[in-house]
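Residue numbers (this note's numbering), protein chains in the order written: chain A, 11 to 610; chain B, 1488 to 1587.
Keep in mind the hints are simulated off the structure, nothing from the lab.
Even glycine gets a Cβ: it sits at the ideal position worked out from N, Cα and C.
Hints are supplied without guarantee of correctness; some may be wrong.
Claimed, not checked - Partial selection, computed: residues in chain B whose CB lies under 10 Å from chain A: (1) PHE1517; (2) ALA1529; (3) ASP1531; (4) GLU1535; (5) GLU1540; (6) GLN1544; (7) GLU1551; (8) THR1553; (9) ARG1561; (10) ALA1562; (11) ALA1563; (12) THR1568; (13) TYR1570; (14) GLU1572.
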Amino acid sequence: MNGAAQKNGAKARANASVRSFNYSTSPLLAAPTPPWRSKLLVALVGLGFALLLGRAVYVQILDAPFFLKQGEIRYGHTIELPASRGRIVDRNGLILAASVPAPSIWAIPRDLEGDAASRARLATLLGMTSAALESRLKDNPNFVWLRRQVDDPVAKAVRALGIKGIHEVREYKRKYPEGEAAAHVVGFTNVEDRGQEGIELAFQKQLAGRDGTRRVIKDRLGRVVEDVGDSIAPVAGEDIGLAIDSKVQFFAYQRIRDAVAANKAKAGSVVVLDAQTGEVLALANFPSYAPADRRNLTGAQLRNRALTDTFEPGSTMKPFVAAWALESGRVTPTTVIQTAPGKMTLTGSTITDSHPHGNLTVTEVIQKSSNVGAVKMAMTFTPREMWELYSAVGFGQKPQLGFPGVVAGRLRPYKSWRPIEQATMSYGYGLSASLFQIAHAYTVFAHDGELIPVTLTRPLGSAAATPVAGIRVLSPKTAAAVRDMLHLATLPGGTAPKAQVMGYSVGGKSGTAYKQEGASYATKKYRSWFVGMAPIAHPRIVVAVMVDEPSAGKYFGGDVAAPVFSEVVQQTLRMMGVQPDLDVKPQIVSREMPAEEESF
Amino acid sequence: MTRLNLLLLLVLIASSLYLVRVSYEARRLFAELDRAQSEERALDHDSERLKTELRSQATPLRVERTARERLAMRAATPAVTQYVELPKQAASSAATGTTP
């Protein structure tokens, strides 16, 4: 079989050599080619060119915008230009809140390189343990935040490590130089730079500004080569000016903090109002918090008690009753009211004084804070009259502050009042108000009978605020008469001699009330406060102080809250440059020395 | 004719080279401008940060504590204050004048 195959192969080779001929004489050439083949070829090539041409027309003319856009997507980049958040400044232009750059560090764990040592250094820089860093990196292979908003130097150090896969993004962080003293007024922002509390929330829109954008062409290395199209410049947020004076604010905060500690109290608040312009000079609460570090915050720290907590105002309501009795001509300051034996019964309920006083003039009723005297005056009013008075000075209504969380308190409609309720309301039980509302109401006495509008803000660069006109509630004469009574309350024989201030005449009303617990009143829990104004003849400021649950033995408003009032008034008037209206024994020693004789 | 064409060719080449140079220059200047602008932003941020820092070093709390502890000062009371009456004219100009 094998031999036969070899034989056949040799025969074929012999044949080929015999039958070889030139190319030109090839019989294949002589064979006629069918004409359709060349035509087909021409047609195919033509079709190919037509397709290319059609595609070119499509790309260049018909769908050009789409392709232009696709091209631009590949080389163009949009850069976000973040707008900086506006500042919050006090009345003297001192910064209360400002944004500083604080880069956030993030990583793509898949791309992450770097040896154990540099990772350990990274962990230390970011303030975490190596184990915590590793577990954070395992969360997501594509993107993890390592630390939001670090300080600039830390970011620079991280950059210097040069680990691949670690990136940073520019973000801003709020700084609050005033710290906890102004925390409740200024509020704070969250990590996305949006206001969450206080002025930061109330003026979020103005403070935020508008981010801008910019289209650019970047080269292979990521450098910006050229601008394309219009760029939108970022609009920086507006600065917000507050009426707060940071010195007064700090001082008020410091005093209420010390008073809360000294009296083992739960909390306290101070409100300082300018009695001429209605500006809020200070609004402080304790306990407070550091707005920059909000870990482990409790609701008790966050509450802006002066504005959001309502309570029964107690004796601080009595001056309004006396004022209306004077205004309506029912009494004069010297009218005598019989308050003996220190208690009275009204539809089965008994109203008592802390101790019996006997015959008291209207002035003395306020000076000595007699419940019976106040009730006797109030029962001559109709419920409607009294309701109108209380709501005219702002009780049961939200103060127009434009501040988040402001409450209205509670003043029930007069149609549902029973006589005993009207009686208790005359000395401040059965209705509720915030400390701010009480301070606001007292501007009626301080501003010659007008309730003035209050404001927390003060447009930047505005000239010194001028005294404002308010809504007239009492006549100037009545207001002056009540101021006299309030002044007497701070003199010996009144309820709050501790409110006195060196150099300035003051007037005010102390209050002490049982705290309500559930449906009844707690026996050993009190709230003490003091509301007053100074200098008494032409008041410049109204100061209200509240101390919640003093439990170190003393609990009368005149003992607990009045000293705070005294210190705050002293400092505030000094800072405002108000000249003392009382004679002070000067301690300045300037001896009369004979002049040295000049030699000549 | 050939001469004119040659001349035009030369002009064309010169102009093209100049175009290349100009666009290179434009890119370089743009990059420089861009760098300057980002430096301006960085400096702005720095100044804002330093202003805030300065302010937090001068809070009433710190001033008060330093005055009391390091300089042994105490708050003025009316008893140790000498009040000076400004003459009428000076008083009115002080009232309208701007406070620093």
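THR1553/B as an interface hint toward chain A, with CB separation required under 10 Å: Given a least distance of 14 Å, the restraint on THR1553/B is violated.
Chain A contact restraint for ALA1562/B - C-beta distance below 10 Å: ALA1562/B check passes; min Cβ-Cβ to chain A is 7 Å, inside 10 Å.
Chain A contact restraint for GLU1540/B - C-beta distance below 10 Å: holds (8 Å)
Hint validity - ALA1563/B Cβ closer than 10 Å to any chain A Cβ: Holds, about 7 Å.
GLU1535/B as an interface hint toward chain A, with CB separation required under 10 Å: With a closest approach of 6 Å, the GLU1535/B hint holds.
Per-residue hint verdict: GLN1544/B, partner chain A, C-beta under 10 Å: holds (8 Å)
Restraint outcome when PHE1517/B is required to lie within 10 Å of chain A by C-beta distance: holds (6 Å)
Restraint outcome when GLU1572/B is required to lie within 10 Å of chain A by C-beta distance: Interface hint status for GLU1572/B: holds (9 Å vs cutoff 10 Å).
Interface restraint verdict for ALA1529/B against chain A (beta-carbon cut-off 10 Å): At 8 Å from the nearest chain A Cβ, ALA1529/B passes the 10 Å test, so the hint holds.
Evaluation of the interface hint that places GLU1551/B against chain A, nearest CB under 10 Å: At about 8 Å, which falls below the 10 Å cut-off, the nearest Cβ of chain A leaves the hint on GLU1551/B intact, so it holds.
THR1568/B as an interface hint toward chain A, with CB separation required under 10 Å: holds (8 Å)
Restraint check, 10 Å cut-off on beta carbons, for ASP1531/B near chain A: Hint holds; ASP1531/B Cβ to chain A Cβ min 8 Å, cut 10 Å.
The earlier numbered hints that this structure contradicts are 8, 9.
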